[in-house]
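Since the structure of chain A is already known, use the hints to place chain B on it.
Protein sequence lines correspond, in order, to chains A and B.
FYI, in this note's numbering the residues of the first sequence are 341 to 696.
FYI, in this note's numbering the residues of the second sequence are 341 to 696.
Any given hint could be a false lead.
Calculated lysine-lysine pairs in the DSSO-like style (CA-CA distance at most 27 Å, straight line) [to be verified]:
1. K601(B) to K591(B)
2. K563(B) to K450(A)
3. K694(A) to K660(A)
4. K568(A) to K568(B)
5. K363(A) to K474(B)
6. K464(A) to K343(A)
7. K563(A) to K546(A)
8. K464(B) to K447(B)
9. K363(A) to K450(B)
10. K444(A) to K546(B)
11. K551(A) to K568(B)
12. K447(A) to K568(B)
13. K343(A) to K591(A)
14. K568(B) to K546(A)
15. K355(A) to K363(B)
16. K591(A) to K444(A)
17. K682(B) to K568(A)
18. K462(B) to K474(B)
19. K563(A) to K447(B)
20. K593(A) to K546(A)
21. K363(A) to K444(B)
22. K462(A) to K450(A)
23. K563(A) to K450(B)
Think of the hints as simulated: they come from the structure by calculation, not from any bench.
There are 2 protein chains.
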Amino acid sequence: MKKHNFYAGPAILPKDVMRQASKAAINFNNSGLSILEISHRSADFAAVMEEAESLTRELLGVSDDYAVLFLTGGASSQFYMSAMNLLATDGKACYVDTGAWSTKAIKEAKAFGEIEIIASSKDKNYTYIPKRYKVPTDAAYLHLTSNNTISGTQHNWWPDTDVPFVCDMSSDIFSRPLDVNRFGMIYAGAQKNLGPAGVTLVIIRKDMLGKVNREIPTMLDYKTHIAKGSAFNTPPAFPIYVSMLTMRWIKAKGGVAEMAKKNKSKGGLLYREIDSNPLFVGTAAKKDRSLMNVTFLLNKPELEKEFLDMCTEAGCVGIKGHRSVGGFRASIYNAMPRGSVKVLTEVMQALAAKHG
Amino acid sequence: MKKHNFYAGPAILPKDVMRQASKAAINFNNSGLSILEISHRSADFAAVMEEAESLTRELLGVSDDYAVLFLTGGASSQFYMSAMNLLATDGKACYVDTGAWSTKAIKEAKAFGEIEIIASSKDKNYTYIPKRYKVPTDAAYLHLTSNNTISGTQHNWWPDTDVPFVCDMSSDIFSRPLDVNRFGMIYAGAQKNLGPAGVTLVIIRKDMLGKVNREIPTMLDYKTHIAKGSAFNTPPAFPIYVSMLTMRWIKAKGGVAEMAKKNKSKGGLLYREIDSNPLFVGTAAKKDRSLMNVTFLLNKPELEKEFLDMCTEAGCVGIKGHRSVGGFRASIYNAMPRGSVKVLTEVMQALAAKHG
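Same shape as in the complex, but just chain A (with noise of 0.2 Å):
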């Protein structure tokens, strides 16, 4: 039976990056080898970094004042690397708290300086993002999640201020064009949008890095990697090596404008679908929607189970929502098929002709 995959992350990635890369575990390149055992070092594999880079350049349209590094430790260790990499112990920055991920970012982030949280959606439950707020001139950087994953929330807009913005897009990065001038960092996890898990995309104007004194670890210092092009140690191979593939696909298909379009139009099929039918509807804040994570409930919680079991028969996986807020949770990256997202429709079409 043909999969709906819809889980939320580690997630869909293209099937012919899949083919791609199931061959290269066998033979890379005709070498004879396979990619999960050459050295990091050979040229074949330098080649793969080196077309990484250019490609995320290429794509999101980075210049040479910021470095592009692929590194370990997913989001979760740029949380306290940003802070600890460009925050002075006498400095201050402000945060935006729009979920989950924001708070932990926050936590990790006061044991390097002072933190104000300068606006919150906690209030309602993390279903909208903040706006109007003022940003304070003497922040390092102003921290914002681009993109929501548990509660379906998106910035479409950017807050207008000089201060740099950090800026956590795990699961929207690649998923539309993006003035990367306006932001000092931007990170990624890529097992969203990108790649699969175990490895970080992390992009930094480099005159945002030398202002802090602390004592670093080597591995723990954005410098490091910049000098070495993310080659210090031994880099993640087999999971840059997919995102590589990932982003080739991307700019075969049209690029970033183009992902863009798709994504509405996916998007605007699934919202249709719950603001149209009788069961369901959406919690996400309409003008905050998120275009990646499509986060649901029914207005009949008795019929949850037989919701998903028909999900189940449909092929449809990943569907349940976040542990942490229950309901359910779509999430239609880039790689899914608009067709995919019918097949959702569908089965929302059926339980409503049975209970509606």
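Leaving out everything else, chain B in the frame of chain A:
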């Protein structure tokens, strides 16, 4: 042409493991989904994590006094994490300096407490393992590097002390039986004897923890990962999966005792050639020769290019020594067939027949 993979790391993996990994990248467990795109919280992947842990325990004889963790960041991250978690600010740890990796471990640990280098083989360019040193009884731990990938030396004994060992086993874990109870902590980047790059195995005796009171970022605290079974955040799923497959392979082949037997046979074959061939000389002290990384030189350096060309012609890849020491290095980890070592010795013999 058949390739013989002598890379030091990322390094050769069993053919069967690569075939299974390749298959799972398309369809994992007949789920219709790729291992690259399934949730780390799915039942199928939770089973992988459990099996990876239980195989580690079974193969190495790890008791419940120890936690088994699958982390990221490589051994290079363990250099500072071990000291950060185990060494109190007013405490002392002892280190034996046996090469480039020990030196890095020492450098990173110095930020966290007093570091005493109680023995070093730097005087002879790390070509031997220091012996007959005293371990101060007040040390929190004694740090060792069991196998030195660059210089080709290996510990084949352990110091007689009650001080717990913290040991970097990146390049020889699972190559031989081990009395884990003599170790307070063992860590290993996977990409030599265990799996692809991107996952780091940490085995830690739980009572080593909780003795420091510095503030540790959540992701750098071993207790975090113990409490969450290595899934506090998204673990590097595919590298863990491939490592688990490799452990299954080790078990099917008879376990680490059988690995040790085969490694002795392969190492013996290559060292006998080095010792009997008039053109070659081994670089490591005979007593301390590594069965994983065999380092050697040509007596007539002018033949280097010819030898490397002959290796390439015979399908032998990755024979060039580490860029910091030159010469040659043949890495012959668990997955290296004896037949491939034979091919290399035949190339050495052919060179001697021409020029000896």
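Going down the list of hints, with the structure as the test:
no., hint, result
1, K601(B) to K591(B), "14 Å, holds"
2, K563(B) to K450(A), "20 Å, holds"
3, K694(A) to K660(A), "21 Å, holds"
4, K568(A) to K568(B), "32 Å, violated"
5, K363(A) to K474(B), "53 Å, violated"
6, K464(A) to K343(A), "35 Å, violated"
7, K563(A) to K546(A), "9 Å, holds"
8, K464(B) to K447(B), "20 Å, holds"
9, K363(A) to K450(B), "44 Å, violated"
10, K444(A) to K546(B), "26 Å, holds"
11, K551(A) to K568(B), "35 Å, violated"
12, K447(A) to K568(B), "18 Å, holds"
13, K343(A) to K591(A), "25 Å, holds"
14, K568(B) to K546(A), "35 Å, violated"
15, K355(A) to K363(B), "13 Å, holds"
16, K591(A) to K444(A), "33 Å, violated"
17, K682(B) to K568(A), "36 Å, violated"
18, K462(B) to K474(B), "18 Å, holds"
19, K563(A) to K447(B), "17 Å, holds"
20, K593(A) to K546(A), "31 Å, violated"
21, K363(A) to K444(B), "36 Å, violated"
22, K462(A) to K450(A), "19 Å, holds"
23, K563(A) to K450(B), "20 Å, holds"
Violation of the numbered hints given earlier is confined to hints 4, 5, 6, 9, 11, 14, 16, 17, 20, 21; the remaining hints are satisfied by the structure.
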